[in-house]
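Chemist: Here's the letter readout for the chains.
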Amino acid sequence: MAKLLQVEHLKKYFPTSRGVVHAVDDVSFSIEEGETMGLVGESGCGKSTLGRTCIHLLESTGGTIRFQGNDVTHLSKKALAEYRNCVQIIFQDPFSSLNPRMTIRDTVTEPLKLSGRFRGEELNRESERLMDLVGIEKRFYNSYPHELDGGRRQRAGVARAISLKPKFIVCDEPVSALDVSIQAQILNLLMDLQDEFKLTYLFVTHDLSVVRHISNKICVMYLGQMVETASTDALFARPYHPYTKALLSAIPTVDIHNQQQRILLKGEITSPINPHPGCRFAQRCPYATAECTQSDLPLVEVEPGHFVACSRIRQINKDL
Amino acid sequence: MFKYKKDPTAKAKRLSSYKPGSFLYVVNYVSQSKSAMAGFCFIALLLILSFLTPYIFKYGYREINVRMQYALSSLEHPFGCDEVGRDIMVRIFYGAKYTISIGFFSTFCAAICGIILGAAAGYFGGLVDTLIMRALDVFQSFPTILLAIAISAVFGPGYWKVILACGITGIPSYARMMRANILTVRGSEFIEAAASINCSTGRIILKHVIPNAISPLIVQMAMGVASAGLTASALSFLGFGVVPPTPEWGAMLSTARAYIREYPHMVMFPGLFIMLTVLSLNLVGDAIRDALDPKLKN
Numbered sequence: 093m094a095k096l097l098q099v100e101h102l103k104k105y106f107p108t109s110r111g112v113v114h115a116v117d118d119v120s121f122s123i124e125e126g127e128t129m130g131l132v133g134e135s136g137c138g139k140s141t142l143g144r145t146c147i148h149l150l151e152s153t154g155g156t157i158r159f160q161g162n163d164v165t166h167l168s169k170k171a172l173a174e175y176r177n178c179v180q181i182i183f184q185d186p187f188s189s190l191n192p193r194m195t196i197r198d199t200v201t202e203p204l205k206l207s208g209r210f211r212g213e214e215l216n217r218e219s220e221r222l223m224d225l226v227g228i229e230k231r232f233y234n235s236y237p238h239e240l241d242g243g244r245r246q247r248a249g250v251a252r253a254i255s256l257k258p259k260f261i262v263c264d265e266p267v268s269a270l271d272v273s274i275q276a277q278i279l280n281l282l283m284d285l286q287d288e289f290k291l292t293y294l295f296v297t298h299d300l301s302v303v304r305h306i307s308n309k310i311c312v313m314y315l316g317q318m319v320e321t322a323s324t325d326a327l328f329a330r331p332y333h334p335y336t337k338a339l340l341s342a343i344p345t346v347d348i349h350n351q352q353q354r355i356l357l358k359g360e361i362t363s364p365i366n367p368h369p370g371c372r373f374a375q376r377c378p379y380a381t382a383e384c385t386q387s388d389l390p391l392v393e394v395e396p397g398h399f400v401a402c403s404r405i406r407q408i409n410k411d412l
Numbered sequence: 124m125f126k127y128k129k130d131p132t133a134k135a136k137r138l139s140s141y142k143p144g145s146f147l148y149v150v151n152y153v154s155q156s157k158s159a160m161a162g163f164c165f166i167a168l169l170l171i172l173s174f175l176t177p178y179i180f181k182y183g184y185r186e187i188n189v190r191m192q193y194a195l196s197s198l199e200h201p202f203g204c205d206e207v208g209r210d211i212m213v214r215i216f217y218g219a220k221y222t223i224s225i226g227f228f229s230t231f232c233a234a235i236c237g238i239i240l241g242a243a244a245g246y247f248g249g250l251v252d253t254l255i256m257r258a259l260d261v262f263q264s265f266p267t268i269l270l271a272i273a274i275s276a277v278f279g280p281g282y283w284k285v286i287l288a289c290g291i292t293g294i295p296s297y298a299r300m301m302r303a304n305i306l307t308v309r310g311s312e313f314i315e316a317a318a319s320i321n322c323s324t325g326r327i328i329l330k331h332v333i334p335n336a337i338s339p340l341i342v343q344m345a346m347g348v349a350s351a352g353l354t355a356s357a358l359s360f361l362g363f364g365v366v367p368p369t370p371e372w373g374a375m376l377s378t379a380r381a382y383i384r385e386y387p388h389m390v391m392f393p394g395l396f397i398m399l400t401v402l403s404l405n406l407v408g409d410a411i412r413d414a415l416d417p418k419l420k421n
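Residue numbers (this note's numbering), protein chains in the order written: chain A, 93 to 412; chain B, 124 to 421.
No lab work stands behind these hints: they were computed from the structure.
The structure presented is a predicted model; accordingly, all values stated were derived computationally and were not measured.
Treat the hints with care, since some could be wrong.
[Stated by the list, open to error] The following label-pair restraints were derived from C-beta to C-beta distances:
{"hint": "1", "chain 1": "A", "residue 1": "Ser301", "chain 2": "B", "residue 2": "Thr307", "range": "33 to 39 Å"}
{"hint": "2", "chain 1": "A", "residue 1": "Asn280", "chain 2": "B", "residue 2": "Met160", "range": "40 to 46 Å"}
{"hint": "3", "chain 1": "A", "residue 1": "Ser323", "chain 2": "B", "residue 2": "Gly248", "range": "42 to 48 Å"}
Just so it is clear, CB atoms sit at the ideal spot from N, CA and C, and this is done for glycine as well.
Isolated chain A (complex conformation) (with noise of 0.2 Å):
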């Protein structure tokens, strides 16, 4: 399968007063088409800014995007529309996503408006097609959002990241703010329409169970870094990273005859803001010593398709 997105080194920090917030940071990884990959760890570890910088709705301060091979880091204004119309972005909260102020069916259509790719009637029968596609009810259609529910109103947001047609679509937490019951049917509607529209997607979540279901491959963060990306199955038999390993520990299980050891981190997570070398993870590793702060680390391939960014991964996998 071809790569759809390469990205390469991506960078992304914020000038604050108190310092340079480094909240992707020299990021590497790359999509094939029509795969999900996962994007997980904790909140504010800088996954929801590296799949805005993804599709330039944050611009980059370094490193290469590329997209179906051509270079898109840097983008004109025209450039940029067109870049925009292949990919498109599923935000987490339904309901600050939607404008408060327009019906279901003018956000819909919105964007098929400014494409210019459709008139007049066309354009209606358009909207309704998309707003059918992804189960929004016929009485609906002139709603506003304050009057439909959390799930109707994602529905609404997938019409609208759909409705231009696009090959990859960043789903910043799209389950995360829903009901349980609910976040079935959004992941369903998700995977449908990645089956007829051969989607592909970048899965920003939490929530460990939803991206085991999800995705065919996972990219673990922490604080700015890619510490572990493996195939999902491989992640979730072997993971390799002290970080992956309490992570997926904290998995609440159901069966009481296997209750797994949950490995406790001690500590708070540390502050992105002029983070020290090395490896991010440091202060709160059981494994840590003191060269592990000495020198970036690169995403070492310990089996195939499986990397891991950790100095003492063999010392603590004792199977490696």
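Guided by the hints, dock chain B onto chain A, whose structure is given.
Modeler: Here is chain B on its own, set in the frame of chain A:
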């Protein structure tokens, strides 16, 4: 006989058929409030009378009748006459359009300028924000009436100049409010969503940001009309406003002040009408506020 039965919930039903915050919703809400309708009727009646004075009343607003100097209320002159024998009632009705229109126009000017400045400051931020807001801080550091006097003193008296003076003094509060609202709305995800579907900056501001930031300003405008009218009257009272013989209420008060001991009716009627007009405008403003922002109630 078929009898028309009034459904007690009909009003509430009709109201809920409009989207909260839309124009029709506000009109409907205000029309269902008794006090607001009383205020609205008073203002409307005053304006109609004001434009029809030459056709309704026997006397002109500048018709001098020396024999009727300082006349008290009578059937001929219900509000009495002033120091040169002009009918006070005719003058009050004729002058109504000045006080009220100054209130409306100056609020409108202040709001337009304030919205543009505030929107620019809030949306672009950085240097633009600093420049605009610091300049407005300078304006706001003067008491309103003092600033209005200073501006009028520079421009001189006159109808449009009063509007300008009242308008300029009103700008900072609108701009400040608009900026705060824009900052809130700008952080919303639907603004990012608009950018991701290739909305231009202008379209984002006009279609997505301003409609969601404007309703507190409409409330402020509704309340501002009354205070602008009051400021206009105050300016005329001090001699900076509309020039005599135009019967602006503040100017009438100003002249009458000299005779307050001997002929209190000359002060009483213009004062009463200023009070009633401000009250009416405030009642309408209150209803608009309640319609647009239910959280602000009480």
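Chemist: If a hint holds in the structure, say so; if it does not, say that too.
Modeler: Checked hints:
no. : hint                            : verdict
1   : A:Ser301 - B:Thr307: 33 to 39 Å : holds, 34 Å
2   : A:Asn280 - B:Met160: 40 to 46 Å : violated, 53 Å
3   : A:Ser323 - B:Gly248: 42 to 48 Å : holds, 43 Å
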